[in-house]
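Peer 1: Fit chain B to the known structure of chain A by using the hints.
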Amino acid sequence: MLAVREISKRYGPVTALRGVSLELRRGEVLALVGDNGAGKSTLVSIISGMARPDAGEVLIDGEPFAGHGPKAAREAGIETVFQNLALVQTLSIAENVYLGRELYRGGALGRALRFLDKRRMRREVETTFDRLGLDLPPVTAKAGALSGGQRQAVAVARAMLWQRKVVVMDEPVAALGVRQTEAVLSLVERLGQHGVATLLVSHNMEHVLRVAHRVAVMRLGRKVADLDLRTGEVSGMHLVGLITGGITEADLSS
Amino acid sequence: MAGTTGASRGASKTDRSFNAASHMALRRLSAAQGGGLFVALLALAAYFTFANGSFLTRSNLLVILLQVSVVGMVAVPGAMLLVAGKLDLSVGSLAGLAAACFGEFNKIMGWPLGFAIVGALLVGALWGLMNGILVGYFRFSPVIVTLGGYAGASGVAQTITADATRTGFGPVFAVLGNGEIAGVPVPVVIFVAVFAIGAYCWYETPIGRHLIGIGANPEAAEAVGVATRRLPCLVYIFSGLAAAAGGLIVTSQLDGASVQIGAGLELQVLTAILLGGVAFNGGRGSLWGTLAGILFIGVLDDGLILINIGPYVADLAIGAVLVVAAGLDVLYQRIERLPMGTLEAVPSGIEGTGVAQQRTVAGNPTREHGIRDTQR
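Line by line, the protein sequences are chains A and B.
Just so you know, the working numbering puts 164 at position 163 of the first sequence, and the rest follows in order with no gaps.
Just so you know, the working numbering puts 235 at position 232 of the second sequence, and the rest follows in order with no gaps.
Excised from the complex, chain B in its bound form:
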């Protein structure tokens, strides 16, 4: 691909129309970052449908959604953080901490169910606030701060529970993980709601473009008045809250509040986001792409089991796809750096050569005059 771009850059005028066409095709490809994965997702789904008749049934599709619901709801703020050049590695431990706190609140301290749920969510949100203040306002490294949270939250959870698992939260709490609303599992409903709120924030309010701005060019974002401190801080709170909600859902499904809940969640979330085409260094990516990444993992896991290939192959396949996604990421960056004006017929005369022109037009002649003038 590098050869193609190099050739089109150095193209002679006669080659231009051809190169412009291929150039535009490349550009369209790069615009479809997450879209490429959607195509792969559809192909994969088509293959599983063909291979096993029970893939494309309402119940199996709901199973897939149920499987990805916790990862999915945490991936929504996760994608927002990553596109802004931040990261939250503490979500897995926060899910465990929220579960542990819920168990302690309800079983040991005797709080009513509602209070225990709100208390557990609050713990997640407060930890998110701490991450947000340290990363957003004090500009600490997001990797280090949330890696500290990864170890710290899990340590707190083990301390307060003394590693004991609380069980028996009753049928009302069981609805959160196992209930259905109009035939749709409650966790799926929550995931869809979280995604809908996320999509609204990303695409219909300034939040999405501001986060991309913070990730791509923090100085520019700051200069035009984007809240480069407050906005990431708010998303960290959202992330902590989503992680706590995920922890409670798993607690309800297991009817057991264990500190083990959420183990490995942070890497599953990161995998889904990166698969969906969000750049690891931020500045580029979409929430729809992230949805494709979430569903891709769900479909792959589910389909491979249906066609009797073990879950280990699924992990191998996800790893391979992730490496391919990393390669595509490099390619997109190359495409985006191609100046548009060099290949499109811009009638204005500000082509790629415009920069070279300005040296002679705007600067030097006058200064040369000037030097001669003063010597006189």
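Okay, chain A solo, but in the shape it has when bound:
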């Protein structure tokens, strides 16, 4: 579904990515792990259209996505939950969730006049929160009044509501409490059942082992391992060894 081919990216003298390739299949949860500076964030920003690779391409269903920029990525079906939580503090929760993708009232006239269907947007957001088991302040509350964890939950819910072919989540549970983390993780599991491919960036090996079907390990701008987790043979200890360079993929198979 999503294929990343031989991507390289340099920032001045720093090479962030060296010929990285990834494959993400329908309904699959692929975890992307690696130490800080391993190139995870660069890869995510390329997939979500925020940065352009120096070499290589991103394919969706075998097609490179047209144009560039976050809009092109979204139109190609890639939804990204940003680490820096792209919320507008002075807009309400419901307004934030639908920002840039507002729903209009029915009928040719409603669409032609771009007449907002505010009630339906509020209701849809409430329904989504309920479905995800997220307890949040009323959807009319301003995003600026939310705590960090609550904002993260809104950002995740936004990606879920707009579920496309591929959802990219950069540390989605990094700012969540125990119960919210649980809700988001079970959400990730459910996403796969709906046929959505998920790319999950995480530092938490426990979460990775629990929800991911496959894991790609990044180290110093390269992909050093791509492992199937469903066999149950890979442990958190192995992953950390791969991340730090203590062991290699070859060590693991022998």
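To be clear, the hints were calculated from the coordinates, so they are not data collected in a lab.
Please note: incorrect hints may appear among the correct ones.
As the list claims (entries may be wrong) - Which stretches of chain A does chain B cover? Using the computed rule of at least three CB atoms under 8 Å from a CB of chain B, they are:
1. 87-93
2. 96-104
3. 115-121
Stated by the list, open to error - Sample of chain B residues lacking proximity to chain A, with all beta carbon distances greater than 12 Å (derived):
4. Gly-117
5. Gly-122
6. Tyr-153
7. Gly-173
8. Leu-179
9. Gly-186
10. Asn-311
Heads up, the beta-carbon is just placed ideally off N, CA and C, and yes, glycines get one too.
Peer 2: Quick look at chain B alone, frame taken from chain A:
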């Protein structure tokens, strides 16, 4: 106020319910930004009604609306620009330029009235387009670009007219500034129409929330696909068009096309918008608040004359109210930054402490394990 917020943040659990109540009251106050001015406006109107019986009459209210109509119609796109973190300082000079162009088109070049009006409006719209391209697409500073327009448009107007005032546009054109439709002055009708269109765009289409998004968090707005370049550019065109229309209305009222028309308009417009609670740095504000700001100035000017206090006192009062509004602006920002979860009983467990929890829950233990694992 800072003391109150600090205290409620550090409140112990026993104080919570009390603080939550006062906290919610503060929050409601901040939600009513423009609303606060509406209350002041009503109080002011009540006082003038009491002080002078002729204040609350149909004819006086129409006079007030007529006085604010030009400032008001330019303030509608002005508020849209300011909430998006932009600014248009060229509107006054554009009103003068449109008036000058109209005079030249009609009197010197001999264009029919309709063509001259459309031509003058087009000049305003095109200048707005230029502002919009430079600020919206090329990301030039709005203050510098429109300050350039402020000087430049007035310079162009003086050049093409050689500082001459054209007069005698006839009774048909006079209707624009002095006529009435169903007993309501034409400029008031135009102002109400412009405001209605503005309110529809602001509240019923995505435009309002997109502009607020651009002003509050441009990166986030861009990331979710808001037209952060095109939308401000369109509003600049709207602003230039409204300024040109205002210039034509004044030309009609005076029956004279002078480059002096519109002088100082940009600051009157900005004053009304800021009074109405739109944040100077953008991201926060409402069009209804802007209407309150426009009417507040109109009522103050009119009422103080009715009770025989000169217009200079009115300027002093507007200045004082503006400073108070600036203080309230600081207060609102403090209130909005208070995290809601710390004081409301959110049963989910994502309280303000949730952030602290995640460090221990989500990140560190695993990594500590990890380090030990690799050392083994």
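Peer 1: For every hint, state whether the structure bears it out.
Peer 2: Each hint, compared with the structure:
no., hint, result
1, 87-93, "holds (count 6)"
2, 96-104, "holds (count 5)"
3, 115-121, "holds (count 3)"
4, Gly-117, "28 Å, holds"
5, Gly-122, "30 Å, holds"
6, Tyr-153, "29 Å, holds"
7, Gly-173, "38 Å, holds"
8, Leu-179, "28 Å, holds"
9, Gly-186, "30 Å, holds"
10, Asn-311, "43 Å, holds"
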